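Q: So you can see what is in the structure, the chains are spelled out below.
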Amino acid sequence: MQQAFGESRRYGYRTLLAGATLALLLPTALAAQERVIQVWHTEPNPATKAVMDEIIADFIETHPDVRIEHEAVGWGDLDLKMQAALAAGAPPTLTQAQTYVERSLAAKGMLMPLNDVFDSIGRDDIFDVINFIHTYDDGNNYGISHAVGADTIIIRKDFYREAGLDPDTAPATWDEWLEQLKALTIDSDGDGRMDRYGLGLAGPSFFINEDLYMWVGSNGGRLFDEVGRPTFTEPQVIETLEFWKELNDCCLSPDWLSQSYLDTFANLATGQVASILGWGRGTGYFEQYAPDAVAAGDIAVFDSKPAGPSGEPGKFVTQFDNESWIVFKDADNADVAVEFLEFFYEPANYLKYVESVPTHLLPIRKSIAADPAYLANPAFEKWEDWVQAQLKIIAEDDPRPLLMTQWEDLKLPFTAEIAGSGILADMVTDVVQGIRTPMEAAERAQGRAEELITQLGYRKW
Amino acid sequence: MNPRAALFRLWVYGLAALLLVICAFPLAWMVLTSIKPDREILTAVPTFIPSELTIDAYRRLFTSTIFATYFRNSIIVAGLATLLTVAVGTLAAYGITRFRFRGRELISTTMLFTYMFAPIMIVVPFYILMRQLGLVNSLFGLVLSYATFSLPFSMWLLRSFFQSIPLDLEEAAMTDGASRPQAVVRVIVPLALPGVIAVTIFTFIVAWNDYLFARVLISSDNLKTLPVGINDIYVSTVTDWGMMMAAGVVITLPALIFFVLVQRYLIAGWGAGGVKG
Amino acid sequence: MAVATQDGSTLAADNGEAEVWLRGRRIPEHWWGYVLVAPAMLLVLGLILYPVIYSFWLSVHSKHAYLPIETFVGLDNFRYFLTDFDGFWRGLWLGTVYAFGTVALQLVFGVGAALLLNQTFIGRGFVRGCALFPYMVPTIVVVILMRWILNDNYGVLPYALRLVGLEPGLMLGPESIMLSLILISTWTYFPFIVIGTLARLQTIDPELYGAAKVDGAGPLRRFWHITLPQIRSVLFVLVLLRFLFMFTKFDIIWLFASGTGVGYFTRTLPIYTYVKTFQELQVGMGAALSVVIFLILVAFALLYFRLFKRANEP
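In order, the protein sequences belong to chains A, B and C.
My numbering numbers the first residue of the first sequence as 1 and each following residue consecutively.
My numbering numbers the first residue of the second sequence as 1 and each following residue consecutively.
My numbering numbers the first residue of the third sequence as 1 and each following residue consecutively.
Some hints could be false.
Here are some chain A residues pointing at chain C (derived, C-beta under 8 Å) [claimed, not checked]:
hint	residue
1	M110
2	L257
3	G422
I should point out that these hints are in silico values taken from the structure, not numbers from a laboratory.
In this text the structure is predicted, and so the values were computed from the model without any measurement.
Backbone N, C-alpha and C define an ideal beta-carbon position, used for all residues, glycine too.
Taking the hints into account, I'd like the entire structure generated from these sequences.
A: Shown next, in the form of structure tokens:
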């Protein structure tokens, strides 16, 4: 081996060169005969990935000249990959994206209209709110939600009962809610450290953005005005920050900022917190880590959220989870992606998809939502209340996409950048860590946001 | 043994034990968590002695995810990157030490300058370049990236190594009738082997650990390497702690065993290189 | 003195470098040199030079991540950072604290461990292997593992500390996150120093120690006057490299802290570059930041060489 090592150095170099040339030429040769598309989807959980693999395999069977490179990318990495791809002038053909990203890209004319997909499903078979969100001023559709859901307050009924509260009555106002949460924050063994907190919040700026806009909206407030100028210093926002500070001081775990979204589920499962804000995906988690609580029916949700002092009880804003499929107009074979989407939404395939996480991926097709085969899914029996709560919110309570306290915000082209900049999360951190007063934090955030919007060239005031 | 020496011995063993605990405890904890039943993982009071041992987490790891594929990809990429770096780096180091030509002193400076560019800065244009070369979404693209990042340090290391081997040895071999390549192989390589091993390990770790470039360059699920694959498993729906720890064990244990076996060569390699600056 | 060999090439051994004759003609040295170095240089310059030049070019433009349009803005990006106290200067401060903190600790523990592992004792090979283990674990595994161990609710470390009466506070919380980050970075990377130092230690002539002991020098003086001068040149390079690597670190900081809300407290310059480029979608500014990081490191290297040049002489 040692002999060969020295000699092979020179020869090895030659083979390497040959190999490199081959490797460079081969893809090009193959590509000439195939239509290749890239598909990125953001559900990395094994069940959904398996279903996507199946659907893609089935599609390729009927389209033998197509090759699909597909990948499950977590939300956090999507930015990185998408940018690199866009910078290289080679965007993925088909990907999922937040509503504000869809809006941002559409405003720049980068997306392919998906009218054909909507037509192939049949617009009356799609829930109205979906049609509404994805219809632009020019009459076209530039995205289509892969599934929907609504954010709710998830509680442990047993802890509510222990604290002498009625677990079936949702709080109508922030004051009521604070009372509840204070009662739920207890020091059960008298060692001076709280053993359970009333509410568990997730720390990443993505979730702070979520909680902020939902609360501001539920307080009758807004984040941007008619011309898109930030309105962070308006009283409704300040009240929200004050509420958050009070919440932080009485009822949140001191290290909530360092907890991830999934940590909050773990905390609810193990009794570290009595309630959290979350999505239907959590059911699987609870089944694995808190089987007893699940069996006793102690994990439940409220089908409403409390309103703030400047808001109206009963009128609240919660997040509508409706991440969209989008197709990049300039990607190769974009038309194949459109065909794939039409295939994806066919009843047989779409049913498989939404059933991979039934409590989280609610269908956009009315026919599937009413389909007895779908409704017979065992998850619905166990978690009927949770699903019903989401459906009720979607049908009656006008939930809105991320960072949009008002529907007008759909038109803003810079929501993605504001969300990503961390300005809002920093504002909240300033307040809860006592670094600045709510007004100071809001003014600082206002200044930064205005500067960012100006830098992006979208200033209209 | 006089009391002073005995005290010294005591210190040595004590500190060695402390070092062992600090370094190996997390590993041990990882192994332990991977064989605990689920309900004993998320407890306020850590369970040191599980009520039962289960390898269910490992079963889940290999059946419900394509962990095995990620492992294979990482091995391929790291292995090839290492071979490439050693091959190219040794050629270059030999050339630098045995021949005079203009610009050879620039090597050290190149190394330093390369490492002053934060990878995060390079990643997007790197992707663009790879795209133009047709190397995105290919394991070979990753191999090239890792070799490139490891080369500056590796060349510097190997150069110091070769510098310390006197030319007389090659000459002696050649006067005995060997051709140049034969001389190099029979004389230089055995002496340089520790350095080569050191380079191997450094490059392997660079390739094994990288997250950023694997994330950006790969867009097919079945081409992902371990860091990316594990991160995806981690952020997917249900954070399965037992399974995560099992993944950690599967990744680290083989490397650890290899390391224990090879550590004496490794140390000889890095050290001699470092001496000459 | 020319020496003939079988394939017709010869060597001249006058200056430690080779001369090559092939079939009676002398091949210029530099030709061989270039040929051998070419593949390596091709890779490094080819794959790194382009991205670097691109970054420098981009830093004087304004570009949105989604659009292929670049607008020349001169030094505006740089001017912005001059007054960007919350982002740039704070990031610089955090990055400096992080880099100095962890490199200092890596140095102390690395050299300490190397000294220890240079002694003979039973099980030394095994302990050596384990001491190198942290460096081999992929960053994502380290992060998951450490977040697990430091977790206030389920983690074994806070639990153990409380058992002995110490209250660590929230190790992953806003106040302690930077310290926790420094500590786990030290754990992960100190083997790099151990390896280099230990190797050098093994080549120190034991007779030097013997003579010193005879002269009555205690362990501390032996270390200071014998060991330290010998390992100084190795440490010179190791510390420089470690500083470069830690100042430009992205992976471990991002995965450990930035994914959560406490990212605010660990937003070093590389992290800030990421935020600017990939989240605020302002690519030109991100590029400008990376140029600044590069310049800072060049300045650092110059200063470092000036201060410690003498350490580099063996």
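Q: Now look at each hint and say whether the structure bears it out.
A: Consistency of the hints with the structure:
1. M110: Since the shortest Cβ distance to chain C is 7 Å, the answer is holds.
2. L257: 4 Å, holds
3. G422: 6 Å, holds
Consistency note: the structure conflicts with none of the earlier hints.
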